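**Q** Now for the letters of each chain:
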Amino acid sequence: MKKINWLVVIAGAVVGIAAVVLTLLGNPANMGFCIACFLRDIAGGVGLHSAAKVQYIRPEIIGLVLGAFVMALVKGEFRAKGGSSPATRFVLGMVVMIGALVFLGCPLRMVIRLGGGDLNALVGMVGFALGILVGIFFLKKGFSLKRSYTLGNAEGGILPAVLTGLFILAIAVPTLFKASEAGPGSMHAPIIAAFAIALVVGALAQRSRLCMVGGLRDTFMFQDLKLLYGFVAIFVLVLIGNLVQGKFKLGFESQPIAHSAHLWNILGMFLVGWGSVLLGGCPLRQLILAGEGNGDSAVSVFGMIAGAAISHNFGLAGAADAVNEAGEYVVGGIGTAGKVAVVICILVLLAISLLNVQKKEKNA
Amino acid sequence: MIDARGFSCPMPMAMVQKEVKKNAPAELVVLVDDKCAVENVSRFGKNSGYEVTVAQEGEEYRLTLKK
Numbered sequence: 001m002k003k004i005n006w007l008v009v010i011a012g013a014v015v016g017i018a019a020v021v022l023t024l025l026g027n028p029a030n031m032g033f034c035i036a037c038f039l040r041d042i043a044g045g046v047g048l049h050s051a052a053k054v055q056y057i058r059p060e061i062i063g064l065v066l067g068a069f070v071m072a073l074v075k076g077e078f079r080a081k082g083g084s085s086p087a088t089r090f091v092l093g094m095v096v097m098i099g100a101l102v103f104l105g106c107p108l109r110m111v112i113r114l115g116g117g118d119l120n121a122l123v124g125m126v127g128f129a130l131g132i133l134v135g136i137f138f139l140k141k142g143f144s145l146k147r148s149y150t151l152g153n154a155e156g157g158i159l160p161a162v163l164t165g166l167f168i169l170a171i172a173v174p175t176l177f178k179a180s181e182a183g184p185g186s187m188h189a190p191i192i193a194a195f196a197i198a199l200v201v202g203a204l205a206q207r208s209r210l211c212m213v214g215g216l217r218d219t220f221m222f223q224d225l226k227l228l229y230g231f232v233a234i235f236v237l238v239l240i241g242n243l244v245q246g247k248f249k250l251g252f253e254s255q256p257i258a259h260s261a262h263l264w265n266i267l268g269m270f271l272v273g274w275g276s277v278l279l280g281g282c283p284l285r286q287l288i289l290a291g292e293g294n295g296d297s298a299v300s301v302f303g304m305i306a307g308a309a310i311s312h313n314f315g316l317a318g319a320a321d322a323v324n325e326a327g328e329y330v331v332g333g334i335g336t337a338g339k340v341a342v343v344i345c346i347l348v349l350l351a352i353s354l355l356n357v358q359k360k361e362k363n364a
Numbered sequence: 001m002i003d004a005r006g007f008s009c010p011m012p013m014a015m016v017q018k019e020v021k022k023n024a025p026a027e028l029v030v031l032v033d034d035k036c037a038v039e040n041v042s043r044f045g046k047n048s049g050y051e052v053t054v055a056q057e058g059e060e061y062r063l064t065l066k067k
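Read top to bottom, the protein sequences are chains A and B.
Heads up, the first sequence is in this note's numbering, so the first residue is 1 and it goes up one at a time.
Heads up, the second sequence is in this note's numbering, so the first residue is 1 and it goes up one at a time.
It is worth saying that the hints were derived from the structure and are not from the lab.
Keep in mind that the hints are not guaranteed to be accurate.
[As the list claims (entries may be wrong)] The following residues of chain B were derived to be distant from chain A, with all beta-carbon distances above 10 Å:
1) Arg-5
2) Glu-27
3) Glu-51
4) Val-54
[Claimed, not checked] What follows is a set of in silico ranges between Cβ atoms, one per label pair, in the way DEER data are often shown:
5) A:Ile-192 - B:Ala-55: 41 to 47 Å
6) A:Lys-141 - B:Gly-58: 31 to 37 Å
7) B:Glu-57 - A:Gly-332: 53 to 59 Å
8) B:Glu-60 - A:Val-74: 39 to 45 Å
9) A:Ala-351 - B:Arg-62: 32 to 38 Å
10) B:Arg-62 - A:Ala-154: 26 to 32 Å
11) B:Ala-55 - A:Ile-168: 40 to 46 Å
12) A:Leu-347 - B:Asn-23: 53 to 59 Å
13) A:Gly-47 - B:Glu-27: 45 to 51 Å
14) A:Ser-254 - B:Lys-46: 43 to 49 Å
Note that the structure is predicted; figures quoted are calculated from it, not measured.
Cβ atoms here follow ideal geometry from the backbone N, Cα and C, with glycine treated the same way.
Using the sequences and the hints given, assemble the complete structure.
**A** Next up, the structure:
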């Protein structure tokens with residue numbers, strides 16, 4: 001029997017506990033952590049989009065990156081590198097974010113939603129797994145974004161530095177930024193608590209290489225379950241947390257900040273799975289890698305922020321199911337623009353996948 | 001020899017998997033420059049029945065997989 005990697009189990013468990021605690025402290029339900037949602041909130045906070053309900057400088061994102069940054073420095077793993085198709089990675093980051101906001105969550109939130117009993121997340125996971133399988137197909141065909149190269153330390157410190165500056169400004173001059181007065185953006189844990197918890201999670205994620213995409217990818221591709229243990233640990237701890245609090249609610253309807261438009265949940269997460277395999281990791285992993293000095297991952301994160309702005313400026317993001325004034329349950333989902341965007345994003349991923357298959361590998 | 005320097009995960013592991021499946025070499029040297037790649041290739045090698053030794057050379061690593 002293969003050995004269980006306990007570090008990744010512990011990291012997953014801590015992420016699960018952190019998600020439950022952050023929700024108790026004020027974050028939205030089933031959204032203790034959500035990399036896509038929180039990057040979207042930051043995009044709104046700095047005025048890149050004007051969706052009034054999702055604007056807030058989320059300290060969790062800053063804490064995750066800085067936690068990974070400090071841990072990488074301490075462990076001698078900080079290394080500035082980049083140059084592996086950065087423009088392509090920017091576009092991939094955008095596509096992953098558009099897909100995540102169609103579903104209403106990144107892979108991490110998908111697992112957290114599952115732990116809350118939201119079966120729409122299970123539907124999303126079908127699309128996520130299918131997307132990962134398509135990504136693996138192209139990896140096996142020889143897909144590569146080419147090598148990265150060692151760069152100056154200043155390049156590797158860009159995202160940690162930018163986020164540190166943002167954090168200082170958000171605390172010192174909060175009026176500089178937009179902050180939601182209603183909706184998910186208005187619901188948040190106290191700044192210092194959220195930042196401190198995220199620091200710990202970021203450090204642990206750096207040590208364990210925790211990655212939501214990697215869990216399924218490595219299981220399918222290498223029969224390597226290491227990262228999957230982290231994925232499962234998050235689910236189990238969130239499930240226990242919800243059961244203990246009586247918040248576990250199994251079903252499709254009336255789930256917090258979720259819709260039950262199944263096809264679009266599948267396709268949204270299909271984009272996230274496929275795009276993340278091409279990027280080499282999920283949105284959480286991109287943050288952690290950027291903290292370790294990876295400039296390519298920092299570019300991916302900037303792409304995700306741009307993707308969030310595009311999603312909300314062009315009305316592509318999903319709307320949660322809701323009850324209307326007549327008391328009828330209305331299934332949310334995405335509008336026509338969102339549907340067109342999903343199709344375009346699939347074509348973009350296909351083009352990127354095909355154009356980056358290395359001929360030498362192909363004929364080998 | 002597989003030169004996986006500059007490639008991020010899962011590429012180094014995928015390159016090794018491809019070589020092992022194709023040629024089943026008794027010995028394989030893999031160059032990487034990323035600690036995560038060291039861990040992943042080592043784990044893959046051990047799970048595939050190889051003994052794995054790692055030598056650090058500056059910021060790079062030389063992994064030798066032997067049957």
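**Q** B:Val-54 clear of chain A by more than 10 Å, beta carbon to beta carbon?
**A** holds, 15 Å
**Q** Measuring from beta carbon to beta carbon, are B:Glu-60 and A:Val-74 in 39 to 45 Å?
**A** violated, 21 Å
**Q** For the range 32 to 38 Å, tell me whether the beta carbons of A:Ala-351 and B:Arg-62 fit it or not.
**A** holds, 37 Å
**Q** Does B:Arg-5 sit more than 10 Å from chain A, CB to CB?
**A** violated, 7 Å
**Q** Quick check for students: does the CB of B:Glu-27 sit more than 10 Å from each CB in chain A?
**A** Non-interface label on B:Glu-27 holds, nearest chain A Cβ at 20 Å vs cutoff 10 Å.
**Q** Using the C-beta atoms of A:Ser-254 and B:Lys-46, is the stated range 43 to 49 Å upheld?
**A** Holds - the Cβ-Cβ distance for A:Ser-254 and B:Lys-46, about 48 Å, lies within 43 to 49 Å.
**Q** Mind checking the hinted window 45 to 51 Å against the Cβ distance between A:Gly-47 and B:Glu-27?
**A** Violated: the Cβ-Cβ distance is about 58 Å, outside 45 to 51 Å.
**Q** Taking the shortest Cβ-to-Cβ distance between B:Glu-51 and chain A, state whether it exceeds 10 Å.
**A** holds, 16 Å
**Q** Does the beta carbon distance between A:Lys-141 and B:Gly-58 stay inside 31 to 37 Å, or does it fall outside?
**A** Roughly 33 Å apart at Cβ, these two residues keep to the hinted range, so it holds.
**Q** Please test the hint of 40 to 46 Å on the beta carbon pair from B:Ala-55 and A:Ile-168.
**A** Since B:Ala-55 and A:Ile-168 have Cβ atoms about 43 Å apart, the given range 40 to 46 Å holds.
**Q** Is 41 to 47 Å right for how far apart the beta carbons of A:Ile-192 and B:Ala-55 are?
**A** holds, 44 Å
**Q** State, for the Cβ atoms of B:Arg-62 and A:Ala-154, whether the hinted interval 26 to 32 Å holds or is violated.
**A** holds, 29 Å
In summary, the structure is inconsistent with hints 1, 8, 12, 13 from the numbered list given earlier, while agreeing with the others.
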